[in-house]
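Listed below are the residues making up each chain.
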Amino acid sequence: MIKSILLVSLCVTSLHAQSLDPTTLFKPPTDTWPSHNGDYTGRRYSTLSQINQDNIHSITLAWAFQTHQQAMKSTPLEVDGILYFTVPNHVWAVDARTGRQIWQFQRQSEGNYIGQRGVAMYRDRLFFGTPDAHLICLNARNGKKIWEVEVADVKFGYYISVAPLVVKDKLIVGMSNDQTDIAGFLDARSPEDGKLIWHWDSLPKPGAPGSETWPNKETMAHGGGTTWMPGTYDPELDLIYWGTGNPHPVLAGAVRPGANLYTCSIVALNADTGKMAWYFQASPHDTQDRDANETPVIFDAEFQGRPRKLLAQASRNGYFFLLDRTTGENLLSTTFGPQNWSAGLNQRGEPIPKPEKEPRPEGALFEGSGTNWWAPSFDPETGLFYVNAHHSFLVTYLTRDEKDPASASDHQGGLDSPLWAEDMLVAIDYQTGKIKWQRDRPPDGGQVSLSNGAGILTTAGHLLVTGDDSGDLIALDPATGKSLWHVYAGGRLTGCPMTYELDGRQYILTAVDSVLYAWALSENSTHVEN
Amino acid sequence: MFLTSVVRSGWMVCFLLVMASTLRVDAHRAGQGDVTEGRRRGSALRRPSPEAERGQSQFLKTCSFCHGAEANGGAAGPNLMRSPIVRHDEKGNLIGQVVREGRPEKGMPPIQLTSDQLSDVAAFLHYRVAVSDGRSAPRPGADYSAAKLLVGNANAGKAFFNGAGGCSACHSPTGDLAGIAHKYPAVDLQTRFLFPAEPYLTATVTDSSGKQYRGRIRLHTNYEFAIEDSDGWYHSWPLDKVKVEVKDPLVAHRKLLSQFTDSEMHDMLAYLETLK
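These protein sequence lines are chains A and B, in that order.
For the first sequence, the tail end lands on 530 under this note's numbering, and the numbers increase by one without skipping.
For the second sequence, the tail end lands on 276 under this note's numbering, and the numbers increase by one without skipping.
There's no promise every hint is true.
[As the list claims (entries may be wrong)] Computed list of lysine to aspartate or glutamate pairs in EDC-like fashion (alpha-carbon distance at most 16 Å, straight line): (1) B:LYS148 / A:ASP401; (2) A:LYS155 / B:ASP207; (3) A:LYS195 / A:GLU148; (4) A:LYS155 / B:ASP89; (5) A:LYS354 / B:ASP262; (6) B:LYS183 / B:ASP143; (7) A:LYS482 / B:ASP188; (8) A:LYS195 / A:GLU150; (9) B:LYS148 / A:GLU362; (10) B:LYS158 / B:GLU273; (11) A:LYS145 / A:ASP80; (12) B:LYS148 / A:ASP404; (13) B:LYS255 / A:GLU367; (14) A:LYS168 / A:ASP95; (15) B:LYS91 / B:GLU51; (16) B:LYS211 / B:GLU245; (17) A:LYS168 / A:ASP21; (18) B:LYS183 / B:GLU101; (19) A:LYS145 / A:ASP124.
Rather than coming from a laboratory, the hints here were simulated on the basis of the structure.
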């Protein structure tokens with residue numbers, strides 16, 4: 001009986017072209033996870049419920065895949081029974097049912113290997129960025145390279161860790177740079193040959209709106225604003241939402257008096273032209289490396305009694321922002337942890353940085369909270385926005401001195417001494433910004449590594465799946481934070497969890513360092529083998 | 001669940017006695033926030049090679065009057081840190097032609113250098129690129145200028161130590177802190193009085209039979225607890241099966257972190273620097 005069902009399903013699969021129809025991205029069915037965030041909203045909420053609160057305690061390991069490479073920070077895509085995932089300069093295609101490798105692509109290059117968030121898929125092609133800032137197109141059938149283009153110059157420290165976002169017939173590609181004072185940008189490129197369709201600069205041109213927030217055109221032209229996390233997309237408004245990173249030089253704010261637009265911002269761009277519709281600056285005049293690259297999550301819900309098209313971000317600077325995503329109007333700005341650097345909000349709802357908390361030669365005592373690249377999640381059933389966050393103290397020192405030529409082109413421009421840190425998972429009521437519940441890590445004297453956040457998945461099975469900093473994979477009740485399941489899988493959750501259904505069985509995937517684990521209910525509980 | 005309360009009772013020990021931890025990882029500052037290597041200290045990358053030092057001398061003679069002493073731009077010449085030719089150069093293979101032939105259209109004259117001089121200048125320029133680039137903010141080195149740090153008032157620091165700070169409850173300038181200013185560079189002393197590295201957390205664990213275990217905490221997750229006892233043996237329990245009392249010697253330091261103003265911090269350093 002089972003064999004015949006499997007045969008039928010294999011036949012059905014083989015009749016399909018195993019490629020991704022771009023229209024699937026608008027409303028992904030439950031049997032695919034076709035993009036970094038699973039869909040255009042960035043909610044990372046799945047309607048699957050086979051694994052749920054009643055049976056999560058009995059889930060078991062379906063398979064594991066060992067990459068033998070560095071920690072995996074990508075979110076796998078799942079399309080027609082095949083998973084696609086990455087680490088820098090490596091791509092794998094793996095059978096989503098068995099965990100067996102189908103093919104592997106690898107290359108070698110110079111550049112930055114800090115992270116790789118995964119591939120994008122358009123029809124039968126995959127796209128990924130490289131440590132030397134190239135964009136590569138692969139044939140999804142066999143991993144053979146179709147084309148490769150240089151997006152930016154690696155000698156200036158550019159690299160691409162972001163997963164491209166497919167929007168209609170375009171690839172939206174961001175970039176990274178932690179190395180030198182450069183200009184950030186976002187490209188729209190053709191899936192056919194990688195050619196540039198439009199280019200958006202994170203920094204204004206001289207004389208353009210926003211240029212008044214920089215002291216001079218030379219500083220502005222190298223002012224940063226990287227675009228290293230995938231954005232989101234509203235097909236009705238035809239707007240792409242993307243976060244930008246910190247200004248350059250990173251810590252030396254005196255070099256660049258002003259708000260430094262459009263760094264540390266959320267921007268809305270027209271999908272066809274790249275023209276900016278609006279911006280909201282999460283950290284005006286940042287001097288603490290507080291990128292606003294975290295997912296701009298979009299959802300339609302009530303706010304103060306009326307339905308709104310909303311955008312929410314839990315930002316790296318410790319603020320939760322709720323915006324009207326049609327206009328960029330700020331609806332709510334609240335903090336999700338203690339801080340000592342903000343003097344309140346300006347008229348646009350943006351934080352006002354205290355000048356005395358900028359890095360100083362004698363040291364400034366800085367307290368902050370925030371998050372980082374790991375995915376948040378919004379559960380429409382609870383109305384809660386979940387994010388893994390941290391709270392820390394450090395002393396920051398300014399070392400860049402324009403009168404001293406030896407330090408006058410220093411990209412960081414400062415130093416810091418970390419003192420103490422703790423991390424926590426917070427559940428934020430999107431309507432008030434208040435924390436509904438919070439999961440703390442037990443006290444360990446503040447020796448928490450702030451690099452160890454984890455992505456979050458919520459599902460219609462009333463589950464929140466993520467990892468503790470201690471290495472436990474966990475499933476919680478999203479309404480209360482109550483722990484429902486945990487396992488220590490030999491490392492820390494480094495990738496963001498995702499889920500899919502294949503032949504009637506739901507899988508939850510967690511990347512723990514170099515191993516990808518697939519969790520599912522025992523096959524005995526979903527069907528009987530004969 | 002037997003007992004779930006986790007008690008933090010503070011008793012102050014071993015202030016400033018713990019060795020520096022250079023392994024504490026902090027991605028607060030790392031560009032993409034997911035660095036997993038230890039943090040380098042500020043001066044680690046800043047020593048030029050002999051070639052770069054020779055190149056610097058040469059650069060000062062023949063190049064700096066336009067490009068600046070540190071090659072990051074001067075009165076007549078551009079910032080060479082931003083030059084694609086410099087960044088793509090390997091051992092002078094691209095710089096050489098520009099130096100030898102000049103750029104007459106931009107007012108740069110040809111400069112005659114031997115191939116050794118040229119490769120030294122290239123080494124200097126690559127060194128300057130490495131210095132000006134930075135992957136993440138390093139921690140300050142031991143050579144960080146004490147003069148920059150000492151902006152506070154030692155008397156005010158002493159008053160804070162004996163008064164509002166509550167420091168004298170556990171520490172004494174003639175006891176554990178005697179000579180502390182000699183022991184650490186000022187920049188390390190600033191970090192250490194704020195929050196000493198590697199807190200030594202200990203705990204008493206009472207199991208369901210009432211038996212007690214004491215030792216250094218080895219693991220404390222939301223589900224598991226483990227200590228190392230005084231004989232060096234490891235013991236672990238499910239957290240919900242035991243009563244755990246954690247002793248954190250740095251509780252008062254943690255509280256002060258939220259209370260310190262910057263001027264109090266600088267006053268404290270000024271005071272501790274008098275304890276020679």
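Now the hints, each set against the structure:
1. B:LYS148 / A:ASP401: 13 Å, holds
2. A:LYS155 / B:ASP207: 59 Å, violated
3. A:LYS195 / A:GLU148: Judged against 16 Å, a Cα distance of about 10 Å means the pair holds.
4. A:LYS155 / B:ASP89: This hinted pair holds, its Cα atoms lying about 10 Å apart.
5. A:LYS354 / B:ASP262: 13 Å, holds
6. B:LYS183 / B:ASP143: 14 Å, holds
7. A:LYS482 / B:ASP188: 42 Å, violated
8. A:LYS195 / A:GLU150: 10 Å, holds
9. B:LYS148 / A:GLU362: OK: LYS148 of chain B and GLU362 of chain A at ~5 Å, within 16 Å.
10. B:LYS158 / B:GLU273: This hinted pair holds, its Cα atoms lying about 11 Å apart.
11. A:LYS145 / A:ASP80: 21 Å, violated
12. B:LYS148 / A:ASP404: 15 Å, holds
13. B:LYS255 / A:GLU367: The given pair, whose Cα atoms are some 13 Å apart, holds under the 16 Å limit.
14. A:LYS168 / A:ASP95: 27 Å, violated
15. B:LYS91 / B:GLU51: 11 Å, holds
16. B:LYS211 / B:GLU245: 14 Å, holds
17. A:LYS168 / A:ASP21: 10 Å, holds
18. B:LYS183 / B:GLU101: 55 Å, violated
19. A:LYS145 / A:ASP124: 12 Å, holds
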